[in-house]
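Enquirer: Each chain is listed here by its residues.
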Amino acid sequence: MENNIVLEARAIYKSFNDPVKIDVLKDISFNIKRGEFVSVIGKSGCGKSTLLYILSTMDTDYQGELLIDNISMHGKSEKELAAIRNEKIGFVFQFHYLLNEFTVLKNVMLPGFKLNKYNEAELESRALSLLKDLGIEHLAHKMAHRISGGEKQRVSIARAMINDPLIIMCDEPTGNLDNTNTDMVFDIFKELTEVYHKTLLVVTHDMTFAQNTKRTIEMEDGRILR
Amino acid sequence: MKTRHITEIAGALLLARWKQTLVAAVGVTFSIALFITLLGFMEGLNQLLDGLVLNRTPHIRLYNDIRPSDHQPIDLSDKYKEYYNFVGSIKPTNSREEIHNAQRIIENLRKDPLVLGVAPKITAQVFYNLGNVDVNGIINGVDVEQETKLFFFSDYVTEGNYYDLKNVANSIVLGIGAAKTMMAKVGDVITVTTTEGEQFTLKVVGFFQSGISEFDKTQSYASVATTQKLLGESSNYITDIQVKLKNMDLAPSLAPQYKQVYGVDAEDIQTANAQFETGSSVRSIISYAVGLTLLIVSGFGIYNILNMLIYEKMDTIAILKATGFAGSDVKKIFTAISLSIGVFGALAGAVFGFIFSKIIDAIPFNTDSLPTVETYPIDYGARYYIIAVLFALVTTYLAGWFPARKASKIDPVEIIRGK
Ligand SMILES: Nc1ncnc2c1ncn2[C@@H]1O[C@H](COP(=O)(O)OP(=O)(O)OP(=O)(O)O)[C@@H](O)[C@H]1O
Ligand SMILES: [Mg+2]
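If you're matching them up, the sequences are chains A and B in order.
Mapping of the first sequence onto the working numbering: position 73 corresponds to residue 73, and the numbering continues sequentially without gaps.
All you need for the working numbering is the position in the second sequence, starting with 1, plus 226.
Derived by calculation from the structure, the hints in this document are not laboratory data.
Quick caveat, the model's predicted, so the values are computed rather than measured.
Heads up, some of the hints might be wrong.
[What the hints assert, rightly or not] In silico BS3-like pairs for lysine-lysine, Cα to Cα no more than 25 Å straight-line: (1) A:88 <-> B:411; (2) A:88 <-> B:557; (3) A:117 <-> B:558; (4) A:117 <-> B:557; (5) B:392 <-> A:142; (6) A:76 <-> B:245; (7) B:635 <-> A:79; (8) A:76 <-> B:632.
Bound-form chain B, shown alone:
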């Protein structure tokens, strides 16, 4: 028995009921299209929301924490060696948040093949002076080029030119929230007071909008050199080293190594932002569940239509068997029918899924908190298409399997006698 003849018979049966088979195929098409659109949209949103935080968070952050001295005088006493000692008279000693030898650490890290890039950072507590009122603020001293390359700094500068931070001396990019309260415009000069009590005037060269309004109310950016000047420190003074890895998943294992090698504190992104991962994966699970349910429902559609087809075509099946077709041939014929519904439906579904995604991708989506986003986000990952098509083929195969088996078991004598 040639496959061509099996498909020829299957095709003829299918065409005899083309309306019903079309309905079944449209069911598959619809569920696949929705599956692809839903997951692409959901994953697009996930990436957008995660990106809000993850894009700008270093994979590993090196810093010096202020903590109590590890060695208290009582530890030196032989007498109390075996005891738990809680008398601590020596207060924290490493008042310097400065990372010792920061420049050398940065150079070493840049040579590490696992590292994508390294950016230094300093934070300075300041007050923005507004007439009589002082507003709390933080100025981040950053290396503009590295910050842009690694953390997309330029994307978040909504007004002015981010590069002026480097070119213009004593310049500042104000957080958009802070700028609003100060009613500052690009080109204005503002006054800040450092925690040491010194006053500085800085020129506003741009506004910064991260999408997190609490952040934008306090944070501003200046160059590393300007910030060092604010703090009255030398040009070696660095408080944070931000490391971006080629593979983010390595961060938890590399952080302790860096801590040991460089004698500083190291925090990995997974520890710092555990809650984001959870949120994303829950959203993904929900959309997969919904999408797969759709596919299963469409499988039931195929099951119904095949069952109906078999009841209608009892005579045909009986004749095929009487003329020498085996049960397995009949089974192949009905499996071919169901698979061709599945294949046709799945391919059309993939095309429609892509079209729906494109449509959503074109819908404007403007929100103040997301300056870089203009339309709804869509992830065009090939994996959704592959999963959808594979799953559709499996469901249609299974949906066809039971009716096909039933057809193969039909007893021709009963049908022929029943006439």
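Excised from the complex, chain A in its bound form:
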């Protein structure tokens, strides 16, 4: 059966026991097709981040089923999940989370070291061309803590792209940026989907940002409204 679904959630439930049992996610089911640009919106505390951690395989403590590239994540070991994350998922956080001990270029190349698909020279030229596409090629050899917030976020995007993943997930990627930088990041995402046919799942608080995406998933109290 040929389909182009990259990610599918089937009846995902999640609850915390802190100190009483709260259900954070209830019966979450949806799928994302190749090339889609999806935004997730909802009130603070409705479970958006929690859902994203589950979808990115970092959180395994949930009920329900998650399929990535039509493969169930159920029962996979920590090592296997790490490998899937490395190869198929790019992640961009609200806080830029670069490794301060390394240069911008090395930060972008790191997931590639793990994947070990390209040799170091190839990896470097890939990283440089990504940085160039994002307009920060000149920062390549700067240390990661010496660049601005907007620049850091672009480096994170380059890092998320390095292994050519199936889907890129972002948790409020513009939450910490001013309007100009937000617009720029949005334009980059748009280009990624339209020109490079990437699949994107973006959690955001920014309504204009969400309105501009092709599809918007709205959440409330751990459920999907639409």
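Assemble chain B with the ligands onto chain A, guided by the hints.
Expert: Same frame as chain A, but now just chain B with the ligands:
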């Protein structure tokens, strides 16, 4: 994941906290250096002290003991055969301490492949005559060449020439203590009286200092021939045969064989000097315990610093995991950090240990009781270096193992959410 990339990440983390890691490495260096120095020094002293006795003690000594006759007349009686008999009228018969056929025994022993060398010896009880006073003394008749080769005789002759014992007739090497009481100088002529009452004049050709003052007060050395003359015995007369083996540990098993084959008494060095072995091994155990404790303490230093590093680098670990590094990769990174501290510390420690040993080795150490020693003794055995380095690597690996495991278990979601 290539090892090179693991080490690259480990190196970057390490350099980010290079001061702390340097402190940890210096801890390892220091403990290894002290371990090597301590053990080298202790073992040097052990060898020196054991050497005082062991160098000059034959591994097996053959002699004739004076003991009661084994067969008393009552044993011949059929009537009392089944009884315990304690009537002994026959006194010791082997009044001769002489070893029968000594020359042939010596020749046979020299052919034995286990034997390094054989030296004959005679002891003679004498009195050194000092005006009106007679001082008790013992003259050891020795074969100068064999004695030097096997028992380092020449090392202990502090004045005069030991070889004159052989070249000069009726010569004597006096114990330094005896020489002092007699106020004798090299070249003097002294008088001794044998137990048979005969007087001899002997020429002093040197002084002997063993390091054991009680010994030096009474003992002197002369050639075998001179001593035989003192005792009025023939040139076949030998009372002791001293055997030095190639492997000292064989002595206890060989002694009874010699006893049986040659029909003489045989005593091995282990039986004669049991207390020295014990002293040495206790000293060794103490220094190993101290040294290994130092290494363990330095291991705790590494443990602390790695733990701190992990707390500081939580974000880094979370990012590595979020971007697809497995727990085992993170563990490898932190193990690499701890091992590189260990390896660097251990190698530097070995170098410093050698330098400290050299320094101690150069400190003057002069004492009357140890004539051959000029500086503090050090044993440069490679085993201390090997033990220290191996142990350091094991400790640092273990010290890194727990923090590394902790790092590998870090949940990235918790860190990322916590921001
Ligand atoms: N470790 C935890 N233990 C207990 N409750 C938690 C834990 N993490 C999150 N929660 C709760 O789960 C709910 C959903 O949190 P989540 O971070 O997913 O919200 P969110 O939609 O991302 O909100 P925001 O828009 O503010 O980022 C919240 O009510 C929160 O208090
Ligand atoms: Mg959130």
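Enquirer: Of the hints stated earlier, which fail here?
Expert: 1, 5, 6
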